[in-house]
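Participant: Everything in the sequence shown is counted per numbering that gives the first Met the number 0, starting at 0 for the first residue and increasing by one.
These are computed hints drawn from the structure, not numbers from a lab.
Some hints here could point you the wrong way.
Said to hold, decoys possible - Just the calculated beta-carbon pair ranges, DEER-fashion: (1) 567 with 463: 49 to 57 angstroms; (2) 155 with 231: 53 to 61 angstroms; (3) 205 with 95: 23 to 31 angstroms; (4) 111 with 77: 20 to 28 angstroms; (5) 162 with 75: 36 to 44 angstroms; (6) 480 with 229: 49 to 57 angstroms; (7) 171 with 308: 55 to 63 angstroms; (8) 222 with 162: 43 to 51 angstroms; (9) 339 with 229: 31 to 39 angstroms; (10) 299 with 454: 19 to 27 angstroms; (11) 299 with 215: 17 to 25 angstroms; (12) 171 with 299: 50 to 58 angstroms; (13) 339 with 501: 48 to 56 angstroms; (14) 170 with 292: 30 to 38 angstroms.
As the structure is a computational prediction, the values presented were derived from the model and not from experiment.
No residue lacks a Cβ here, since even glycine has one placed at the ideal position from N, Cα and C.
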Amino acid sequence: MSPRSLLNPEDSPARQTDKLLQIVEVLMRRVEQGTDLSGAAYAQFERAAMLEEQVRARTRELEAALDLLNQSNARLAAANRETEAARRNLADAIETVQEGFGLFGPDDVLVMCNSRFGLQLSDIQPALVPGLSFARYVELVSGSGQLSLPEGVSAQDWAVLRLRRHRDRSTNFTVALKGDRWLQVSEHRTGDGGTVILQTDVTDIIRAEREARGRLLDDQARIVRATLDHISQGVCIFDAEARMIGWNERAAELLAVNRTRFRPGLAFDDLAGRLSPGSLRFEGLRAWVGGPTPRQPLRFEVTREGGVVLDAFAQEMPDGGFVISFTDVTAERRAIAGLSRANETLEARVAARTLELGEALAHAERASATRSRFVAAASHDLLQPLSAAKLFLASMEDEDLNPRAMDALGKTRSALHSVETILDALLDISRLESGRLSVRPQPVPLGPLLARLAEEFAPIAADNGLSLRLRPTAAVVVSDPTWLRRILQNLIGNALRYTDRGGVLVGVRHTQAGIRAEVTDTGPGIPEADREAIFREFHRLNARASASEGMGLGLAIVERASALLGHAVTLDSRLGRGSRFVLHLGPPAEAPAAAPPAPPVPRPDLPRDLIGLLVAADSDMRRALTHLLDGWGVNILDVPDPDEALALIEEIGLPPDFVLIDARAGDEDAGLALMQDLARRHGPLPARLLTATRAEPLRLRALRAGVPLLYKPLDTGLLQRFVASAARRD
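I would like the entire structure built from these sequences, with the hints used as guidance.
Facilitator: The structure is reproduced here in structure tokens:
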């Protein structure tokens, strides 16, 4: 039997030591009592001594192990004390938090919370203890009797929405409680995947904001009331149910309604029914109020007894309500009626003198209200005989005339050119004042544009003994090329017209603000008092220019066209030294792609069998065009209207080589319809529509119909080119 078999390994070290000591004592007693001095007894004693030594070694090892165990137990106890102290400190810390605090672990189980957690939900707060799952927590809150659920939302719906918010890493929302109380809930994820929930009672804050908002609304209401009471219009405000929520005293006065009838909540139909029968016409307004939303603004006019006229305007508000305003326009209507009667009387007096002057005066009176429309119409009508006269002159250029006749022809051409210039200026003013003019901004190289203007004005400058200098430039700007040319043309022409000696310099400058085109002259200069007036139409400085030289429209066109293009015009002038007009064109632009060269104007040596159809209601225009085209060797079929044109083509059974349609203002669509009929019967035919109307919509309609425009007064070069292209088509 070994010594180890005498010991139980499960005994503690002290117990094992006691057993070994007892064994040693027993062995020692047996040795002392024995009388046998044989070697067996002595050997047994030696074994006992050795066993005692092993026991002592074992005891020392056990004592060392006990020391280590005691140290470990001491450290563990200290750690437990520190952990408990930390837990108490954390609990004390969260208890000091003024909000409700709850901490859920990564497994969505409540780890700890303070006494304010769920304080506002008194019926479920006792159940909010550590170990509670988050899903159960949401279930308890959704079923709390303190929770004020939104209308139409059940407790289950609220719980689903709350769990959906829990998926977010961070969320913040406000919960309504019964008794007009509010709880703000903030939820945030911790680093280990847990969740921290803070519950803050924001009832006082919301009530304070509500009171502040109420005070603000009251202040705004007082401001609105003060504003309504101090305006000259009558105003009535209705909510989405057509109930009155606001008005001013002026409304009751204008509607002739007793002020006591106006009260909050008054239905619109009730108000309309209380008005005197026949005093106001509210049928259209009733339909508008009862109609579907959104409603378009409604303007109407109502007349009260006694001739009081009210201009009414109804407009819908964003919330579905509406506002009606009433303005007393009785004085204006009476003034208009009086002015109309005065105009009628004046026209009758003038008509009594002479029929011709009466008709002119009637046109002038109507033009005082719509001058732009009158100028455009008059200029258009004048272009018709002017075109005919220019065509007759063009047909005479190839005649063998004596020097005296050639001189007269040149003077006539010059006079017609002056008339054309004046009409162009009148048309420009009319189009600019109409506000319907369209522009096509694009990159415009200034060098070629100014070079062409210099060539155009060089003979005029030479005839007046003036120099015209142009500084070359490669600048490119964004503008409408047609109107930019018109502006610079008027500036250069105006400078030459008012300069007696010296000359005119045209140049371009690059500045930090952009590109500037400058026209500088050595004329008399412009007094300070006249520098604004010169930009008014029909204003001529010192009235020195004759009608053949202009009507004082050049600078008026410059100012209005520049404003239309977004360019500014400034003036720097010194008396006795000259003036400088500066056109500010903005930043530079990239040069456009080079356009192909224009084809040369063809000589009028056309095939003798070429047949053209001319449709022109104006007999003078028809004769002039026929005379010109006959001189070019073209056989012309001339008719006054589209119906005769169709009948004539059907009669001869042969389509023409080209068609020219002279259209009067307003009759352009009839010409386009004629070309559509001819195209259906004979296929596409070369055609041009002759018109003095420069409107962009007409140009686009004509292009779509395949009938480009030729503007009057006609450019005979463009007409020759068209006829030659029609001849080459064969």
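Participant: For each hint, tell me whether it holds in the structure or not.
Facilitator: Each hint, compared with the structure:
no.	hint	result
1	567 with 463: 49 to 57 angstroms	violated, 30 angstroms
2	155 with 231: 53 to 61 angstroms	holds, 59 angstroms
3	205 with 95: 23 to 31 angstroms	holds, 25 angstroms
4	111 with 77: 20 to 28 angstroms	holds, 23 angstroms
5	162 with 75: 36 to 44 angstroms	holds, 41 angstroms
6	480 with 229: 49 to 57 angstroms	holds, 53 angstroms
7	171 with 308: 55 to 63 angstroms	holds, 59 angstroms
8	222 with 162: 43 to 51 angstroms	holds, 47 angstroms
9	339 with 229: 31 to 39 angstroms	holds, 34 angstroms
10	299 with 454: 19 to 27 angstroms	violated, 60 angstroms
11	299 with 215: 17 to 25 angstroms	violated, 36 angstroms
12	171 with 299: 50 to 58 angstroms	holds, 51 angstroms
13	339 with 501: 48 to 56 angstroms	holds, 54 angstroms
14	170 with 292: 30 to 38 angstroms	holds, 36 angstroms
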